[in-house]
Amino acid sequence: AQKVTQAQTEISVVEKEDVTLDCVYETRDTTYYLFWYKQPPSGELVFLIRRNSFDEQNEISGRYSWNFQKSTSSFNFTITASQVVDSAVYFCALSEVREYGNKLVFGAGTILRVKS
Amino acid sequence: EAQVTQNPRYLITVTGKKLTVTCSQNMNHEYMSWYRQDPGLGLRQIYYSMNVEVTDKGDVPEGYKVSRKEKRNFPLILESPSPNQTSLYFCASRQNRGRFGYTFGSGTRLTVV
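Heads up: the sequence lines are chains W and R, in that order.
For the record, in the first sequence the residue sitting at position 110 is 110 according to this note's numbering, with numbers rising by one throughout.
For the record, in the second sequence the residue sitting at position 109 is 109 according to this note's numbering, with numbers rising by one throughout.
To be clear, the hints were calculated from the coordinates, so they are not data collected in a lab.
Certain hints may be false.
[As the list claims (entries may be wrong)] Restraint-style ranges between C-beta atoms, simulated for each label pair:
id, chain 1, residue 1, chain 2, residue 2, range
1, W, E17, R, E53, 47 to 57 Å
2, R, V14, W, T30, 44 to 54 Å
3, W, Q57, R, T111, 39 to 49 Å
4, W, Q57, R, K18, 48 to 58 Å
5, R, E53, W, T31, 26 to 36 Å
Where a beta carbon is used, it is the ideal one built from N, C-alpha and C, also for glycine.
For reference, chain W alone in the conformation it holds in the complex (with noise of 0.2 Å):
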């Protein structure tokens, strides 16, 4: 079965620090999507990136960086230079690929809190 760990519940930062939000997924198939959300407090989810199993290399968006590795089962995010807007919930998710009723599975969710 798939799940996902988000170890870290919360995470407070001081503006212009670098954070990691850490991602640890299960799964027993080889073909799987991976993603992060961010939950802003007005509440709606805001889709961040999609990356499929076969595709391991690093992406950076701006101030945003995800670090895929197969061998250690991790999808982790990086915020450099965080700023307050950056506060919100993040959740790692997991989509097996299935011809049908494939599901996106979501960790538990890491709030994060910049200060000024």
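Given chain W, put chain R in place with the hints provided.
Below, chain R alone, put in the same frame as chain W:
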């Protein structure tokens, strides 16, 4: 604009009073799903639908019903709400095949007293 629309955004109700949370998407997606979000548990799937008249249970279906009579709509029904169904609910949709991009609604915050 491509979107998933949930209504209402906020709802306070009393135990036992039947309610429906609506979900509609305008992207012609086959797949739709309901999730509930609770602190420390992340989002958990309640029900999903692969297409019209095809629905199936997710991980936490107890106390909920769904229907899929039209492709665009996927309402969540609570026949007899209880306080343990107080939660933040999300509807999501995507195509069955192709890129696995999920589109989420804005959420419905339900309080059952």
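Quick rundown of the hints versus the structure:
1. E17(W) <-> E53(R): 47 to 57 Å: holds (52 Å)
2. V14(R) <-> T30(W): 44 to 54 Å: For T30(W) against V14(R), whose Cβ atoms are near 49 Å apart, the range 44 to 54 Å holds.
3. Q57(W) <-> T111(R): 39 to 49 Å: Holds, at about 44 Å.
4. Q57(W) <-> K18(R): 48 to 58 Å: Because 50 Å falls inside the window, the suggested range holds.
5. E53(R) <-> T31(W): 26 to 36 Å: holds (29 Å)
Hint violations for this structure: none, all hints satisfied.
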